[in-house]
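J.: Below, each chain spelled out in residue letters.
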Amino acid sequence: MTSLKGRDIISIRDLSKEEIELILSEADKMLPIAEGRETSEILRGKILATLFFEPSTRTRLSFETAMLRLGGGVIGFSTTEGTSVMKGESLSDTIKVVEGYADVIVIRHPYEGSAKLAAEVSAKPVINGGDGAGQHPTQTLLDLYTMKREAGGIDDKIIVLLGDLKYGRTVHSLSYALALFNTEIRLVSPPSLKMPEEIIRDLKELGAKVKEYTSLKEAIRGADILYVTRIQKERFPDPTEYIKVAGSYRIDLTILRDVKESLIIMHPLPRVDEIAPDVDKTKHAKYFIQSFYGVPVRMAILKLILVG
Amino acid sequence: MISLEELRVRPIREGTVIDHIKAGKALKVLKILGVGEDHENIVSIVMNVPSKKMGKKDIIKLESVFLDKETLNKIALISPKATINIIKDFKVVEKYVVEPPSIIIGIVRCQNPRCITNSEREHVTPKFTLVSKEPIAIRCHYCSRIMAGEEIEKNII
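Just so you know, the protein sequences line up as chains A and B, in that order.
Note that our numbering has the first sequence beginning at 1, numbered continuously upward.
Note that our numbering has the second sequence beginning at 1001, numbered continuously upward.
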């Protein structure tokens, strides 16, 4: 039987489709508790340590909420200011100390591979809350959960990934997970920010149908899910080029005229200009509920790791 | 009368001959093998020798030294066609082409400056897994960055 008890969650690639499905169905059970309609004491007496070596309000707060909603306690820091880290302590040492205080550790750290190192050092389970430009598996899990809830499932769906597909770690992890679900993945990006070839090859090997588009309009025709990511200004040496590119991939009411009635629009947030504020009021917009779903998903992960 | 050619590549009685090293890489190979200042036996290095197969090649002869296969296989990271000849009493008693190890620990540094193994504070030994033999490619165990060919060579510790 699939079990995640005592497991580290470092990269989405460490999870099988069955394990992902287990987390998503556990998240369903957590929903009424996450919404505050029911209460739970299932993690009473358990302690979560949130070690945030760089700030991330959303990830940290949703993990803390998740733990508190299940009756557990939380310790940790949200900045290294005033901690032993400022005195020059290594990550390995910090982890060895904290594992004595907590039952499970969430870590966010600017260096790639830091969560993997923490997991090797710690006897207690470690969850990666984002390691630099590396992995952020709980973001991918909440994205998948949003699709399950709001698009009626993941299997056999047509998903458009839009934006910076070259550097965006979110879309790399997400596309890998989507490939496990027999999906059609449509990629839309400026030519200079295309999905790396080796990732496309990996996805095809996993059984996904992958197609690249230059026209957003064409790509979203018939699609079930539109996943929008931010195109960063810094990626363009020429600011006028950025304005041109950003403009041609902006989601507004006009572009949504020909889409499927049931299309859902997702975004990992924060957004800048990628989605016009008008779109928020349409039934397609799911990016705010998507960020709420971080709570039941993280509750499910904590519960499955700590009590099975 | 001994020809110049023979003088250059004199047979050894006992030890290890590493042949077909990519031209110019002999010194790097010695570094990988840990043969340095404190090595006490005779070491002969011949570089840029004409070779039918490779155009040019390097050869190293380590007299009276028998290194284990695991150590010698590390050479494959920078010279995948290198051959090992174990010599006893002037005869080749074993001969094989190096095979890259499936796990590479402490030989190569990750080229990703944002990898945790490059944080001065951590003292983590870099670790890689082999992704492909030909062309050679390895993946960092920590940050998952893939390094290939010359990138590996440039980052030999």
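Check each hint, because a few of them may be wrong.
Claimed, not checked - Here are some of the chain B residues that sit facing chain A, going by a computed Cβ distance under 7 Å:
1. 1090
2. 1096
3. 1115
4. 1116
5. 1119
6. 1120
7. 1121
8. 1124
9. 1139
These are computed hints drawn from the structure, not numbers from a lab.
These numbers were taken from a predicted model, which means no experiment stands behind them.
A virtual CB, placed ideally from N, CA and C, is assigned to each residue, including glycine.
J.: All the hints need checking, so say for each whether the structure fits it.
T.: Hint by hint, here is what the structure shows:
1. With 7 Å as the threshold, the beta carbon of residue 1090 (chain B) stays out of range of chain A, its nearest partner Cβ sitting at about 48 Å, so the hint is violated.
2. At a threshold of 7 Å, the smallest CB-CB gap from residue 1096 (chain B) to chain A is about 31 Å, leaving the interface hint violated.
3. The criterion of a C-beta within 7 Å of any C-beta in chain A is met by residue 1115 (chain B), whose closest approach is roughly 5 Å, and the hint holds.
4. A cut of 7 Å between beta carbons decides the hint on residue 1116 (chain B): the least distance to chain A is about 4 Å, and the hint holds.
5. Annotation: interface hint on residue 1119 (chain B) holds; nearest CB of chain A at approximately 5 Å, less than 7 Å.
6. At its closest, the beta carbon of residue 1120 (chain B) sits 10 Å from a beta carbon of chain A; the interface hint therefore is violated under the 7 Å criterion.
7. At a threshold of 7 Å, the smallest CB-CB gap from residue 1121 (chain B) to chain A is about 5 Å, leaving the interface hint in force.
8. A hinted interface residue such as residue 1124 (chain B) counts as satisfied when its beta carbon comes closer than 7 Å to some beta carbon of chain A; here the least separation is about 6 Å, so the hint holds.
9. Given the 7 Å rule on beta carbons, the hint for residue 1139 (chain B) is violated: about 11 Å separates it from the nearest Cβ of chain A.
The structure is inconsistent with the numbered hints 1, 2, 6 and 9, although it conforms to all the rest.
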